[in-house]
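Engineer: These are the residues of each chain, in order.
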Amino acid sequence: MAIKTGRYGSVMYDPAGTTPVEVVSLNAWKASFKTDKEDVTCFGDTNKVYVPGMKDVSGTVAGFWNSDPAASGILFDAADADTPGKLKLVPNDSTAEAPFFWSGLAYLDAEIDCSMAAPKVSGEFMAAGPWTRAVGP
Amino acid sequence: MQNAVDSAQIEDALLAILLNDTILQSLCPDGVWWDSAGEANGQPARRFVIVSLLTHADEPVFGGRAIEDYTFLVKAVMLGASSVDIRAAAQRFDELLDDEQLDLPDYAFGAMFREQRVRYVEEDSENPAIRWLHRGGHYRVQVSLPHA
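Read top to bottom, the protein sequences are chains S and Z. The numbering used here puts the first residue of the first sequence at 1, with every later residue one more than the last. The numbering used here puts the first residue of the second sequence at 1, with every later residue one more than the last.
Treat the hints with caution; some may be incorrect.
[Claimed, not checked] Just some of the chain Z residues that point at chain S, by a computed CB distance under 7 Å: (1) 54; (2) 57; (3) 66; (4) 67; (5) 105; (6) 109.
[Said to hold, decoys possible] One side of the interface only, derived from the structure: several residues of chain Z facing chain S at Cβ under 8 Å: (7) 34; (8) 59; (9) 60; (10) 61; (11) 142.
Note that these hints are calculated values from the structure, not bench results. Think of the CB as a built atom: it goes at the ideal place given N, C-alpha and C, for glycine as much as any other residue.
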């Protein structure tokens, strides 16, 4: 166990929702697992008091546009899809240790930012089913 | 993870275009040099081309390098030349390099274009009466590494 680099992270997706494959040419992802907290502070409390509500799973993926239809096209196909796909987010997939990952069904949006530099793609995702954190292939 | 590629392919391809052009050979007969000119035929070079790497950046994606972005200085340097000749040399750089392609076996070529002009006169360090003319441009080269 050690602190690992994000250089060997990955974003994997399967529109059918079963077996995700890597979406190439991406270089960033971010996930949030923030649970709503309801303020239940009462008279007499010496500080604010909260109770947890429902966890929200959402985040972003980003990288470069790749002209291979099996690359950036996956994001834009997902953005057009009416049904969620399975998204798998891996912080580091480079060592002999089984990789740590989060996965679950998600809807994806996609954006492209084209300038004189390499066009960049990005997308936001939001959960469409239960998400899990696991270690393994 | 990708296999390592030889980034020197980029400058090799750029230099090959300049070295093999007969118009440039006549305008700048003392050769194409990397960073600084040496002797040409036993004499100090007086009409030549200089190529230098000004900036370079690698852009990573997960698993390795995805994009290489270069800026090269490409300029003609002439001693006691007419402005017609150095103007023609700078124009020739643009014809050869601006929005043209590099032949790169291990890369996916992206773009090559001029970002800014270079034009100035330099007094000789030993004899201020002698003036060196410099003219050319900064050329940007963008390439990517193919990912399966």
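Engineer: So, for every hint listed, does it hold in this structure?
Structural biologist: Hint check:
no. : hint : result
1   : 54   : 17 Å, violated
2   : 57   : 10 Å, violated
3   : 66   : 6 Å, holds
4   : 67   : 5 Å, holds
5   : 105  : 19 Å, violated
6   : 109  : 12 Å, violated
7   : 34   : 26 Å, violated
8   : 59   : 7 Å, holds
9   : 60   : 6 Å, holds
10  : 61   : 4 Å, holds
11  : 142  : 7 Å, holds
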